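Asker: Next come the chains, spelled out residue by residue.
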Amino acid sequence: MKNYTSIQNIDNINTWIEEAKELKSNPLKYNELGKNKTLGLLFFNSSLRTRLSTQKAALNLGMNPIVMNVSGDAWGIEFADGTAMNGKTAEHIKEAAAVVSQYCDIIAVRAFPTLTDKEKDESEEVLRSFTKYASVPIVNMESATGHPLQGLTDAITISEHAKISKPKVVLSWAPHIKALPHAVGNSFVQAMQKMDVNFVIANPEGYDLNPQITGDTPIYHDQEEAFKDADFVYTKNWSSYSQYGKILNINADWMITKEKLGNAKFMHCLPVRRNVVVEDAVLDSDSSLVIKQANNRTYAAQLVLKKILENYV
Amino acid sequence: MKNYTSIQNIDNINTWIEEAKELKSNPLKYNELGKNKTLGLLFFNSSLRTRLSTQKAALNLGMNPIVMNVSGDAWGIEFADGTAMNGKTAEHIKEAAAVVSQYCDIIAVRAFPTLTDKEKDESEEVLRSFTKYASVPIVNMESATGHPLQGLTDAITISEHAKISKPKVVLSWAPHIKALPHAVGNSFVQAMQKMDVNFVIANPEGYDLNPQITGDTPIYHDQEEAFKDADFVYTKNWSSYSQYGKILNINADWMITKEKLGNAKFMHCLPVRRNVVVEDAVLDSDSSLVIKQANNRTYAAQLVLKKILENYV
Amino acid sequence: MKNYTSIQNIDNINTWIEEAKELKSNPLKYNELGKNKTLGLLFFNSSLRTRLSTQKAALNLGMNPIVMNVSGDAWGIEFADGTAMNGKTAEHIKEAAAVVSQYCDIIAVRAFPTLTDKEKDESEEVLRSFTKYASVPIVNMESATGHPLQGLTDAITISEHAKISKPKVVLSWAPHIKALPHAVGNSFVQAMQKMDVNFVIANPEGYDLNPQITGDTPIYHDQEEAFKDADFVYTKNWSSYSQYGKILNINADWMITKEKLGNAKFMHCLPVRRNVVVEDAVLDSDSSLVIKQANNRTYAAQLVLKKILENYV
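Residue numbers (the numbering used here), protein chains in the order written: chain A, 1353 to 1665; chain B, 1353 to 1665; chain C, 1353 to 1665.
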């Protein structure tokens, strides 16, 4: 694994979870590993958890993080090949990625989808271009179709809080007022498919995720049925995949309530809109794991950086 | 003192001043104290001095500073309880503060007032929410009603430059073209009330600060009378408190001149508008302490961080 | 050399080039030199290479870099003397520079020209004000009329890739859709004038650079003639100097092609607009030095910082 761009880069998720737990128990154990190494964090989009936790992870390993908001700090970047660049973009990714590779030992990139151009989003133009043209390892800090640092975080969190050997995990769509990406949902599905859990998905009709990702994971269009005997309810909104990027229906009755949740633990990647996605009573109860989950972002990132530092830097 | 949110958190200002002077004489003495500790600096508003001096203070203590411009870098934050978040805000302070607490050992926050909603400003919604929901210590880098790092800085500076045992200190309002907060004025008043100085305030009618803060400090509406025999003239504009956030009158004749100043030292927190608040002849003379004052921002911040690191991290 | 503001600050470019090559062969050799020293990087304009390579250079020397986007992060800065600051600017450079000097051991500044006010640009108002009012050394990260970190970089790169003792170097104007500064061109001219190279300039009529800078360097208005037997073709667009800041003619036929280039090496400071300034076939070939050139930005900056640290901090 030179690049960490997808949950599919994880060879053995159980081993990774154990390694992450060890890092969490002693975060500074490897704080000489990244000495004099630089992590470049390039943000094409907003970030709070990823921005802070990835820097914290780098610092725990002794690395120097350098943060850049690509849009505001630098130049518009061109990704298309062969075009005459006489428009808004001033620098081609070929140069940008090769150049940044000379200043940073690892490059982490966040670039959200358009949600209007399915083909472009699925081609993962930004992330793929970085892996193609950079000469150093690339870490995905959420791309058009995946958020594998989040997916790994979620696997760690479920492992920590599981009380039975093969817990039932439900990924539930929830309402939202804006059209949101599929990235978190996709990576969570892929992570669960690698774990020894009883995993199902619940979403309204028209909101099925990419079938190439969901594969043979059962999909329920009846939330109540899906939630029966659940140990973990992971909640996330996403826009339609089949009618790409559209909000078909707000389906406000899909909001997560304490009553629906029952004895299950509540998970969400955050940020979460209170009383739209989930009611206060859930988030403010002991059933919510969201803060503990966010804490694990540091150790997921630290594990990924550690593995890359050990083998490719 | 777990949090440093107000001048009122200072138990003994004379002791603090002495400790700050010691830090200033040997800034790197405690540069192991903050090793592997992270200071998160969250800016909801612009900053130059606070941004740089607080980072410098953290570095002097061996800490890792991580800076975030909340508005541009992250998500809109909701502070109200119980609302359905179907508007512009995407993350509730309950989550944001709890999450950031897991990546940072101390959180410093800057959040200016609305100047339109007195009740909201006086409730110190942002700062109070951080102290309520964060699990780590909070430092106020200027809130709606106070700027206690500045107030401590000013106390240190007056102590350094006082030539007599109980100097006369005047806080003088000065003209400005924009409606400005009361925070610096308030914290300066509170700091002076704790010191052994002869302290008076001068401002035009209609510009009296919050009487709960000024208490029995004498307020003059005649600038000349107030300045008589002054050793220090601390200047700052603020908008009206009684007609909240309004500019009642520019009162250009309240600008500080060399003639008015006499033998007194001139102080200002900066940034200062030249020839509006104070004439060039003052700022460019030896009577001005503004640059030395700004230098003390580092040691005020360093003292506060040191005290928190020693006791609460 | 207390400040590095121009190529003219280089006493002996050959010695500097050798020193830079030594740093490149062992970048961490002096990583104690900058310990507990802070480099403030102040950006009035966008930056990618300069932003990252200057931070990397500082880190290689053990310094703490602190980055600030002046426009977004801080206050509008006034440069004019004696004005009543009742407009958009909130802080005078006199205070800003003096204050930042107290938090940073070296200040690096980027401030582009207006391209509308020749006199103002040539006065180097921003850079000159910083050198005048700061009490610490100033490094030019590209000013109105010069980009000496780039010029030094280019000299290093030519020295590394020269195959004969006195290579022919051509600075060629190339087409662009926006009016661009003269800074890179100027500093390249000045660097070449200090080196033992056969140096000529090629640009369309009306695009001659400032004659006080080009001096007796031959200027060709016929690109083909200038390129004859060239070993290096350094390409850059700039707007007209005589009709200051204007685009007189796009001159699309001045784009650099593989055919025109022949056996010469291609250089450009980046960012570069592909198929406008230069065709893909050049950038994607072994003739292009642009990525290697960008790598040398780190060592040019590191050499400048090292010299300043050794003598003035």
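Derived by calculation from the structure, the hints in this document are not laboratory data. The structure displayed is predicted, hence computed values, not measured ones. It is possible that part of the hints are untrue.
Identical chains share a label here; the pair holds if one copy fits it or two copies do between them.
In the BS3-like style, the derived pairs of lysine-lysine whose C-alpha atoms are separated by at most 27 Å in a straight line are [unchecked claim]:
1. 1376 with 1387
2. 1376 with 1354
3. 1580 with 1376
4. 1484 with 1373
5. 1520 with 1381
6. 1440 with 1610
7. 1546 with 1354
8. 1612 with 1387
9. 1387 with 1659
10. 1580 with 1373
11. 1472 with 1376
Asker: All hints, please: hold or fail.
Answerer: Verification of the hints:
| no. | hint | result |
| --- | --- | --- |
| 1 | 1376 with 1387 | both (20 Å within a copy, 18 Å between copies) |
| 2 | 1376 with 1354 | both (23 Å within a copy, 26 Å between copies) |
| 3 | 1580 with 1376 | neither (33 Å within a copy, 63 Å between copies) |
| 4 | 1484 with 1373 | neither (32 Å within a copy, 29 Å between copies) |
| 5 | 1520 with 1381 | neither (34 Å within a copy, 55 Å between copies) |
| 6 | 1440 with 1610 | between (49 Å within a copy, 25 Å between copies) |
| 7 | 1546 with 1354 | within (20 Å within a copy, 44 Å between copies) |
| 8 | 1612 with 1387 | neither (49 Å within a copy, 46 Å between copies) |
| 9 | 1387 with 1659 | both (15 Å within a copy, 24 Å between copies) |
| 10 | 1580 with 1373 | neither (30 Å within a copy, 65 Å between copies) |
| 11 | 1472 with 1376 | neither (37 Å within a copy, 40 Å between copies) |
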